[in-house]
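There are 2 protein chains.
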Amino acid sequence: MHNSIELGERKIIELVWKQLERMPKMPVAFGDDVSACDLGDGRLAILKTDMLVDKTDVPLGMSLWQAARKAVVMNISDFAAKGVKPIVMLVSLGLPRKLAERDMREIGKGLNAGVREYGAYVIGGDTNEASDLVISLSLFGIAKKNMLILRSGAKPEDIVAVTGFFGKASAGLKILLDGFKAPQKIRKILVESVLMPHARLKEGLALSMTRAVTASIDSSDGLAWSLHEIVKASNVGFLIDKLPVAKEVERFARINELDPLELTLYGGEEYELVLTVKPRLWEKAEKAVEKVGGKLLPIGRVTAEKRVLLEIHGERRVIEPRGWEHFKSVRI
Amino acid sequence: MHNSIELGERKIIELVWKQLERMPKMPVAFGDDVSACDLGDGRLAILKTDMLVDKTDVPLGMSLWQAARKAVVMNISDFAAKGVKPIVMLVSLGLPRKLAERDMREIGKGLNAGVREYGAYVIGGDTNEASDLVISLSLFGIAKKNMLILRSGAKPEDIVAVTGFFGKASAGLKILLDGFKAPQKIRKILVESVLMPHARLKEGLALSMTRAVTASIDSSDGLAWSLHEIVKASNVGFLIDKLPVAKEVERFARINELDPLELTLYGGEEYELVLTVKPRLWEKAEKAVEKVGGKLLPIGRVTAEKRVLLEIHGERRVIEPRGWEHFKSVRI
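Keeping their order, the protein sequence lines are chains A and B.
Numbering of the first sequence is given in the numbering used here, commencing with residue 1081 and proceeding in unit increments.
Numbering of the second sequence is given in the numbering used here, commencing with residue 1081 and proceeding in unit increments.
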């Protein structure tokens, strides 16, 4: 739910959602990364829809192929956070008249590349005329009822962890949109993280098998925001003492006189998993992620006090519930 | 798949879909009213996504509440055609900045009204900023594998049938958009059919239980178009000898010197079911539909010759594969 960050857009969601009758016995609460429907045999149908709109989700410099692939990654990432394998996807396209034939092909190829990268297939959809390029995707998968990782299970003393370093996408966006500079090699890594994001599906699936994870969310709205969402859903607090700043981001920040903490915490457009892990199962979780080629970085621990704090050199400060901001440049 | 009528838009779909790898053993072919995923226990997950964009799907005179409700009906109607009960729905909204708070509430209320009318619930979704009002819905339900009615099962000698009379929506659109006239009482009926469409879900579910239906489609792209779609998927032909012209449409056409056949065949925005029925089970099918308060009108029969013909007073003419046209007026 990208645009939910700005106060205005959170209010919109509230205004719309408030009108909706709640289904009795919903297996997953409204507002988690995915929705679920009970299949009645110990399994859940897992469903997710997310919309990419070019004017807010596609920065200058991103091709249509990349935009279509990114729309898929956005959706897969939420399945990854819940430890659910995506099986099939439906595509609903809003297409501006000005798109050419090769543009359509590029969109089709980008969708296919994204979905096949994670082992799923597109099985249907529809096409419409619209003013923006709109790629609305719905993902379907199946989960065992007792295996699904929600946002709400974090317990005091659990270890807070992430699947990678942060800040690359926000630095990359600053290069693409605001003309910030970086040495060629670093520039490539940072820009690539915006144009070719990857969902941590392998990691999410491996973690789900360990039963070590008590809460999980994807970080598409930024690290700070994701931490706050788990805190809210689990009714706990976090003390973060090891901020996962990417080394390229440290360097980029130094060159451009930017705050690396700001880039790391309040960026967004990153698709790492943010999770809480039972301390006694930490090693099991770590090994499981390493086995599939990933890494699990401890960044702090869950506290009973309902605040999100950052400790640096013994000093504590509040991590604010802010996050991802739209980029306004229209691609097409 | 509304906009697939115009040659241009059909080509778009083809261009995009051609890039997509097909899933092996798809239970439902690409392009049927719904998509399906095998649940592995004799059941299918039934999935459908359809997008409403105000500038092509919302005529002047339709409120936001009605537009949101219509978006739901569009999707439910496809489930109705396949005889599948919708269980849950996901909503992805693209919202123009100019919408006010009460507009959001209206949209939420319209979505809820639509979905509850057919016994389903909204269980999740997301909100985005967009230039158009975009309501992208995904519907989920479960079907027994051997109960799903496809487009492809029509056999020569089957009876072609519909669940209601046609032409009201196209006449209503002419009143709303082009200033055509009708007496107050008829005007109300015709306009109402555009603003408050109903999906034939009860009928579809009842018919599915009879096992009398060999092929089915919803008529949202127009009667002629729907007939051609079944013909194409089933590799048969149709001889239509009893065109289901609504009596209000006869009258409207007379007053405005329009062709009632044109309104009935090539309209669209109507949500009746168009189906083929085994002759020996016709009465069973008819009774099942009547039992739920509906009607089943025989309009012709399936032929081996792959053409769609209309017979009037012994004369035969071709029913063309044309259908629904966009209305270009933007609502907001």
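Simulated from the structure, these hints should not be mistaken for laboratory data.
Hints are not guaranteed to be accurate.
You can't tell identical chains apart in this list, so a pair holds if it fits in one copy or across any two.
To be verified - As a list, the in silico DSS-like pairs of lysine-lysine whose alpha-carbon atoms are at most 27 Å apart:
(1) Lys1098 - Lys1165
(2) Lys1224 - Lys1105
(3) Lys1322 - Lys1358
(4) Lys1189 - Lys1178
(5) Lys1235 - Lys1268
(6) Lys1135 - Lys1105
(7) Lys1282 - Lys1105
(8) Lys1371 - Lys1282
(9) Lys1098 - Lys1178
(10) Lys1364 - Lys1261
(11) Lys1135 - Lys1268
Now the hints, each set against the structure:
1. Lys1098 - Lys1165: Result: close only across copies, 25 Å inter versus 30 Å intra.
2. Lys1224 - Lys1105: both (16 Å within a copy, 23 Å between copies)
3. Lys1322 - Lys1358: within (18 Å within a copy, 70 Å between copies)
4. Lys1189 - Lys1178: within (19 Å within a copy, 34 Å between copies)
5. Lys1235 - Lys1268: neither (39 Å within a copy, 60 Å between copies)
6. Lys1135 - Lys1105: neither (37 Å within a copy, 37 Å between copies)
7. Lys1282 - Lys1105: Only across copies: Lys1282 and Lys1105 sit 25 Å apart there, 30 Å inside one copy, limit 27 Å.
8. Lys1371 - Lys1282: within (10 Å within a copy, 51 Å between copies)
9. Lys1098 - Lys1178: between (37 Å within a copy, 20 Å between copies)
10. Lys1364 - Lys1261: neither (41 Å within a copy, 74 Å between copies)
11. Lys1135 - Lys1268: The answer is within: 24 Å in one copy meets 27 Å, while 40 Å across copies does not.
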